[in-house]
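Student: Sequence:
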Amino acid sequence: MQLPPVYILRHGQTEWNTLGRMQGHLDSPLTELGRENARAQGRLIKELAAQHPGLHFFASPQGRVRQTRRIALEGLGAEMREDARLKEAAAGAWQGLTEAEIAARYPELYARHETRLSLGLGAPGGEGFHDLAARCDAFLSELTGPSVIFTHGVTLAVLRGLALGLGEQEVLGLDHRQGVIYAIEDGRERVLEPAGQ
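FYI, the numbering for the sequence shown is 3 to 199, going by my numbering.
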(Lines of atoms letter the chains of each structure in order from A and count residues from 1; the text may use other names and numbers.)
(Lines give C-alpha, C1' and ligand atoms only; values in the text may rest on other atoms or scores of the structure.)
Protein backbone atom coordinates (compact mmCIF):
# COMPACT_ATOMS: atom_id res chain seq x y z
CA MET A 1 0.00 0.00 0.00
CA GLN A 2 1.45 3.37 -1.05
CA LEU A 3 0.81 5.87 1.74
CA PRO A 4 1.78 9.40 2.62
CA PRO A 5 3.89 9.60 5.80
CA VAL A 6 1.87 8.41 8.81
CA TYR A 7 2.63 8.95 12.48
CA ILE A 8 0.62 6.54 14.61
CA LEU A 9 0.37 6.64 18.38
CA ARG A 10 -1.45 4.87 21.16
CA HIS A 11 -3.29 6.67 23.95
CA GLY A 12 -1.44 7.20 27.25
CA GLN A 13 -1.51 4.63 30.04
CA THR A 14 -4.96 4.19 31.61
CA GLU A 15 -6.05 2.95 35.02
CA TRP A 16 -7.24 -0.29 33.42
CA ASN A 17 -3.89 -0.72 31.65
CA THR A 18 -2.23 -0.82 35.07
CA LEU A 19 -4.69 -3.52 36.17
CA GLY A 20 -4.33 -5.54 32.96
CA ARG A 21 -8.03 -5.11 32.11
CA MET A 22 -9.08 -5.45 28.49
CA GLN A 23 -10.78 -2.19 27.51
CA GLY A 24 -12.05 -2.70 23.96
CA HIS A 25 -14.88 -0.20 23.55
CA LEU A 26 -15.00 0.54 27.29
CA ASP A 27 -12.92 3.36 28.79
CA SER A 28 -10.94 4.26 31.86
CA PRO A 29 -9.12 7.54 32.57
CA LEU A 30 -5.44 8.18 32.02
CA THR A 31 -3.05 7.75 34.93
CA GLU A 32 -0.44 10.40 35.77
CA LEU A 33 2.03 8.37 33.68
CA GLY A 34 -0.55 8.35 30.88
CA ARG A 35 -0.78 12.14 31.01
CA GLU A 36 3.02 12.32 30.86
CA ASN A 37 2.94 9.90 27.87
CA ALA A 38 0.61 12.39 26.14
CA ARG A 39 2.79 15.40 26.97
CA ALA A 40 5.85 13.57 25.60
CA GLN A 41 3.97 12.66 22.42
CA GLY A 42 2.91 16.30 22.14
CA ARG A 43 6.54 17.43 22.09
CA LEU A 44 7.22 15.00 19.25
CA ILE A 45 4.11 16.14 17.36
CA LYS A 46 5.22 19.77 17.53
CA GLU A 47 8.47 18.74 15.79
CA LEU A 48 6.49 16.84 13.14
CA ALA A 49 4.18 19.82 12.58
CA ALA A 50 7.23 22.02 11.95
CA GLN A 51 8.51 19.53 9.34
CA HIS A 52 5.12 18.99 7.65
CA PRO A 53 3.02 22.15 7.22
CA GLY A 54 -0.57 21.07 6.67
CA LEU A 55 -0.21 17.92 8.77
CA HIS A 56 -3.57 16.11 9.13
CA PHE A 57 -4.81 14.86 12.52
CA PHE A 58 -7.16 11.91 13.03
CA ALA A 59 -8.34 10.22 16.23
CA SER A 60 -10.53 7.52 17.65
CA PRO A 61 -13.62 9.02 19.35
CA GLN A 62 -13.05 6.95 22.53
CA GLY A 63 -12.50 8.77 25.83
CA ARG A 64 -8.93 7.69 26.54
CA VAL A 65 -7.83 8.88 23.09
CA ARG A 66 -9.72 12.17 23.48
CA GLN A 67 -7.94 12.76 26.78
CA THR A 68 -4.55 11.91 25.24
CA ARG A 69 -4.97 14.15 22.20
CA ARG A 70 -6.23 17.13 24.22
CA ILE A 71 -3.04 17.00 26.28
CA ALA A 72 -0.73 16.22 23.35
CA LEU A 73 -2.10 18.94 21.06
CA GLU A 74 -2.46 21.69 23.67
CA GLY A 75 -1.41 25.01 22.17
CA LEU A 76 -0.92 23.57 18.68
CA GLY A 77 -4.23 24.73 17.19
CA ALA A 78 -4.57 21.51 15.21
CA GLU A 79 -7.81 20.65 13.43
CA MET A 80 -8.80 17.18 14.62
CA ARG A 81 -11.03 14.74 12.75
CA GLU A 82 -12.51 11.90 14.76
CA ASP A 83 -13.04 8.65 12.87
CA ALA A 84 -14.85 5.63 14.34
CA ARG A 85 -12.68 3.31 12.23
CA LEU A 86 -9.83 4.15 14.62
CA LYS A 87 -11.65 2.76 17.68
CA GLU A 88 -10.11 -0.16 19.52
CA ALA A 89 -11.07 -3.67 18.46
CA ALA A 90 -14.32 -4.68 20.12
CA ALA A 91 -13.36 -7.20 22.81
CA GLY A 92 -16.83 -8.73 23.21
CA ALA A 93 -17.26 -10.86 26.32
CA TRP A 94 -13.71 -10.03 27.46
CA GLN A 95 -14.18 -6.27 27.82
CA GLY A 96 -13.49 -5.26 31.41
CA LEU A 97 -11.82 -8.57 32.33
CA THR A 98 -8.19 -9.14 33.26
CA GLU A 99 -6.11 -11.73 31.46
CA ALA A 100 -6.32 -13.97 34.57
CA GLU A 101 -10.13 -13.68 34.59
CA ILE A 102 -10.27 -14.56 30.88
CA ALA A 103 -8.01 -17.59 31.49
CA ALA A 104 -10.23 -18.76 34.36
CA ARG A 105 -13.57 -18.26 32.57
CA TYR A 106 -12.53 -19.30 29.05
CA PRO A 107 -9.55 -21.67 29.51
CA GLU A 108 -9.80 -23.40 26.11
CA LEU A 109 -10.17 -20.14 24.18
CA TYR A 110 -7.44 -18.48 26.23
CA ALA A 111 -4.98 -21.31 25.49
CA ARG A 112 -5.23 -20.59 21.74
CA HIS A 113 -3.63 -17.14 22.04
CA GLU A 114 0.10 -16.56 22.28
CA THR A 115 0.09 -12.75 22.46
CA ARG A 116 -1.99 -10.03 24.09
CA LEU A 117 -2.86 -8.74 20.61
CA SER A 118 -4.11 -12.16 19.54
CA LEU A 119 -6.12 -12.40 22.76
CA GLY A 120 -7.69 -8.99 22.06
CA LEU A 121 -8.93 -10.24 18.69
CA GLY A 122 -10.22 -13.60 19.90
CA ALA A 123 -13.07 -12.74 22.26
CA PRO A 124 -16.52 -14.31 21.93
CA GLY A 125 -18.73 -11.65 20.37
CA GLY A 126 -15.68 -9.50 19.64
CA GLU A 127 -14.07 -8.23 16.48
CA GLY A 128 -11.68 -10.53 14.65
CA PHE A 129 -8.48 -9.66 12.82
CA HIS A 130 -10.01 -9.52 9.34
CA ASP A 131 -12.88 -7.23 10.36
CA LEU A 132 -10.48 -4.86 12.11
CA ALA A 133 -8.05 -4.97 9.17
CA ALA A 134 -10.89 -4.11 6.75
CA ARG A 135 -11.86 -0.95 8.62
CA CYS A 136 -8.21 0.05 9.11
CA ASP A 137 -7.48 -0.50 5.42
CA ALA A 138 -10.49 1.62 4.43
CA PHE A 139 -9.22 4.41 6.68
CA LEU A 140 -5.65 4.30 5.37
CA SER A 141 -6.81 4.27 1.74
CA GLU A 142 -8.41 7.71 2.21
CA LEU A 143 -5.31 9.52 3.52
CA THR A 144 -4.14 12.30 1.22
CA GLY A 145 -1.18 13.77 3.09
CA PRO A 146 1.11 13.37 6.11
CA SER A 147 -1.09 12.36 9.05
CA VAL A 148 -0.91 11.92 12.82
CA ILE A 149 -3.23 9.14 13.98
CA PHE A 150 -4.31 8.74 17.63
CA THR A 151 -5.61 5.23 18.32
CA HIS A 152 -5.38 2.13 20.57
CA GLY A 153 -3.06 -0.85 21.07
CA VAL A 154 -4.61 -3.51 18.83
CA THR A 155 -5.75 -1.03 16.20
CA LEU A 156 -2.29 0.57 16.22
CA ALA A 157 -0.65 -2.78 15.44
CA VAL A 158 -3.06 -3.52 12.59
CA LEU A 159 -2.63 -0.05 11.05
CA ARG A 160 1.15 -0.44 11.20
CA GLY A 161 1.00 -3.94 9.76
CA LEU A 162 -1.11 -2.81 6.81
CA ALA A 163 1.14 0.18 6.15
CA LEU A 164 4.21 -2.09 6.21
CA GLY A 165 2.68 -4.94 4.19
CA LEU A 166 2.87 -7.47 7.04
CA GLY A 167 0.84 -10.66 7.37
CA GLU A 168 -1.50 -11.45 10.27
CA GLN A 169 1.04 -13.42 12.33
CA GLU A 170 3.64 -10.67 11.95
CA VAL A 171 1.10 -8.06 13.03
CA LEU A 172 0.20 -10.09 16.13
CA GLY A 173 3.87 -10.01 17.14
CA LEU A 174 4.21 -6.21 16.98
CA ASP A 175 4.68 -4.12 20.09
CA HIS A 176 2.23 -1.33 20.92
CA ARG A 177 4.01 1.00 23.31
CA GLN A 178 2.59 4.09 24.92
CA GLY A 179 4.41 7.43 24.96
CA VAL A 180 6.06 6.99 21.53
CA ILE A 181 5.08 7.60 17.91
CA TYR A 182 5.47 4.99 15.17
CA ALA A 183 6.58 6.87 12.04
CA ILE A 184 6.04 5.12 8.70
CA GLU A 185 7.58 6.85 5.71
CA ASP A 186 8.27 5.27 2.30
CA GLY A 187 7.33 1.81 3.60
CA ARG A 188 9.82 1.93 6.49
CA GLU A 189 9.09 2.30 10.17
CA ARG A 190 11.00 4.01 12.93
CA VAL A 191 10.01 4.73 16.51
CA LEU A 192 10.07 8.36 17.63
CA GLU A 193 10.85 8.55 21.33
CA PRO A 194 11.00 11.57 23.61
CA ALA A 195 14.49 12.74 24.54
CA GLY A 196 15.83 10.87 27.56
CA GLN A 197 13.87 7.67 26.98
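Some hints could be false.
Using 20 Å as the maximum straight-line C-alpha spacing, the simulated DMTMM-like pairs for lysine to aspartate or glutamate come out as follows [to be verified]: (1) K89 / D139; (2) K89 / E187; (3) K48 / D29; (4) K89 / D133; (5) K48 / D133; (6) K48 / E38; (7) K89 / E195; (8) K48 / D139; (9) K89 / E144; (10) K89 / D188; (11) K48 / E101; (12) K48 / E195.
I should point out that these hints are in silico values taken from the structure, not numbers from a laboratory.
Student: Which of the listed hints are broken here?
Tutor: Of the numbered hints given earlier, those the structure breaks are 2, 3, 5, 7, 8, 10, 11, listed in rising order.
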